[in-house]
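**Student:** Put together the whole structure using the sequences plus the hints.
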Amino acid sequence: MTPELKQRIADLIAQDKIFVFMKGAKLMPQCGFSNTVVQIFNTLGVSYSTFDVLSDPEIRQGIKEYSSWPTIPQVYINGKFIGGCDIMIAEYESGELQQKVEVALAS
Amino acid sequence: MVDLKQVESLIKAKLPDAQVTVEDLTGGGDHLQATVISAAFTDKSLVQQHQLVYGALQAELASEAIHALALKTSAPQN
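Quick note, the sequences are listed as chains G and Z, same order.
Letter 38 of the first sequence, counting from 1, is numbered 41 in our numbering, and no numbers are missing.
Letter 57 of the second sequence, counting from 1, is numbered 58 in our numbering, and no numbers are missing.
By construction, these hints were calculated from the structure, which means they are not laboratory data.
Please note that a few of the clues may not be correct.
Here are some of the chain Z residues that sit facing chain G, going by a computed Cβ distance under 10 angstroms [as the list claims (entries may be wrong)]:
no. : residue
1   : Ser46
2   : Leu47
3   : His51
4   : Gln52
5   : Tyr55
6   : Gly56
7   : His68
8   : Ala69
9   : Ala71
10  : Lys73
With a straight-line cut-off of 16 angstroms between C-alpha atoms, the simulated EDC-like cross-links for lysine to aspartate or glutamate are [to be verified]:
no. : chain 1 : residue 1 : chain 2 : residue 2
11  : G       : Lys20     : G       : Glu105
12  : Z       : Lys73     : Z       : Glu9
13  : Z       : Lys45     : G       : Glu94
14  : Z       : Lys73     : G       : Asp55
15  : Z       : Lys73     : G       : Glu94
16  : G       : Lys83     : G       : Glu96
17  : G       : Lys29     : G       : Asp19
18  : G       : Lys9      : G       : Glu68
19  : Z       : Lys73     : Z       : Asp4
20  : G       : Lys83     : G       : Asp19
21  : G       : Lys20     : G       : Glu68
22  : G       : Lys67     : Z       : Glu61
23  : Z       : Lys73     : Z       : Glu24
24  : G       : Lys26     : G       : Asp55
25  : G       : Lys67     : Z       : Glu65
26  : G       : Lys9      : G       : Glu61
27  : Z       : Lys73     : G       : Glu105
28  : G       : Lys83     : G       : Asp14
All figures in this text were calculated on a predicted structure; none of them were measured in a lab.
Just so it is clear, CB atoms sit at the ideal spot from N, CA and C, and this is done for glycine as well.
**Tutor:** What follows is the structure in structure tokens.
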């Protein structure tokens, strides 16, 4: 990965406390897994930003390497990689996600 | 399209003690679900646990032979 691409990704993640790399847009997810993550954050009623990886092949490949994570969606909270769809579901059910979100938004 | 047995053995090659169950969620062979229980997961975060499993299947995921892999991971209960 080029330093420029790495910096682009870092800049995106720094844009918001909750940042989601997904397929499609928030209002029209293009993949069931991306949709699940959007629904979770909508249910929590928190503000978050997204990036549509289908719009940018460089980011689509680069983010996999950046996070050491082979699939989309990917969620970052306060600059830290939190996981993909399965982990969002597991941590939403356990209440851990709500905690992480509260801490992030209060910081 | 991958063979479920092949997925199971790739995971076991990386995590020899693991109990692995692989299911095909759609019948299309590319949306899979794997349940993995291994002592290697003890004291690791879910992200780290999933990264271990993804590491075993890197080539298959990169080529999109596996498009989606739902993962359930845990350490064995004592």
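**Student:** Next step is simple, just say for each hint if it's right about the structure.
**Tutor:** Here is how each hint holds up against the structure:
1. Ser46: This interface hint holds because 9 angstroms falls under the 10 angstroms limit.
2. Leu47: 5 angstroms, holds
3. His51: At about 7 angstroms, which falls below the 10 angstroms cut-off, the nearest Cβ of chain G leaves the hint on His51 (chain Z) intact, so it holds.
4. Gln52: 6 angstroms, holds
5. Tyr55: Constraint on Tyr55 (chain Z) satisfied, holds at 5 angstroms.
6. Gly56: 8 angstroms, holds
7. His68: This interface hint holds because 9 angstroms falls under the 10 angstroms limit.
8. Ala69: Holds: closest Cβ of chain G sits about 7 angstroms from Ala69 (chain Z), inside 10 angstroms.
9. Ala71: At 6 angstroms from the nearest chain G Cβ, Ala71 (chain Z) passes the 10 angstroms test, so the hint holds.
10. Lys73: 7 angstroms, holds
11. G:Lys20 - G:Glu105: 11 angstroms, holds
12. Z:Lys73 - Z:Glu9: 14 angstroms, holds
13. Z:Lys45 - G:Glu94: Distance of about 15 angstroms is within 16 angstroms: holds.
14. Z:Lys73 - G:Asp55: 26 angstroms, violated
15. Z:Lys73 - G:Glu94: 12 angstroms, holds
16. G:Lys83 - G:Glu96: Given pair Lys83 (chain G), Glu96 (chain G) is violated - Cα atoms ~20 angstroms apart, limit 16 angstroms.
17. G:Lys29 - G:Asp19: The hint holds at about 15 angstroms.
18. G:Lys9 - G:Glu68: 10 angstroms, holds
19. Z:Lys73 - Z:Asp4: Status violated; Cα separation ~19 angstroms.
20. G:Lys83 - G:Asp19: Measuring from Cα to Cα gives roughly 12 angstroms; hence the hint holds.
21. G:Lys20 - G:Glu68: 21 angstroms, violated
22. G:Lys67 - Z:Glu61: OK: Lys67 (chain G) and Glu61 (chain Z) at ~14 angstroms, within 16 angstroms.
23. Z:Lys73 - Z:Glu24: 12 angstroms, holds
24. G:Lys26 - G:Asp55: 5 angstroms, holds
25. G:Lys67 - Z:Glu65: Measuring from Cα to Cα gives roughly 13 angstroms; hence the hint holds.
26. G:Lys9 - G:Glu61: Roughly 10 angstroms separates the two Cα atoms, so the pair holds.
27. Z:Lys73 - G:Glu105: 25 angstroms, violated
28. G:Lys83 - G:Asp14: Holds: Lys83 (chain G) and Asp14 (chain G) sit about 13 angstroms apart, inside 16 angstroms.
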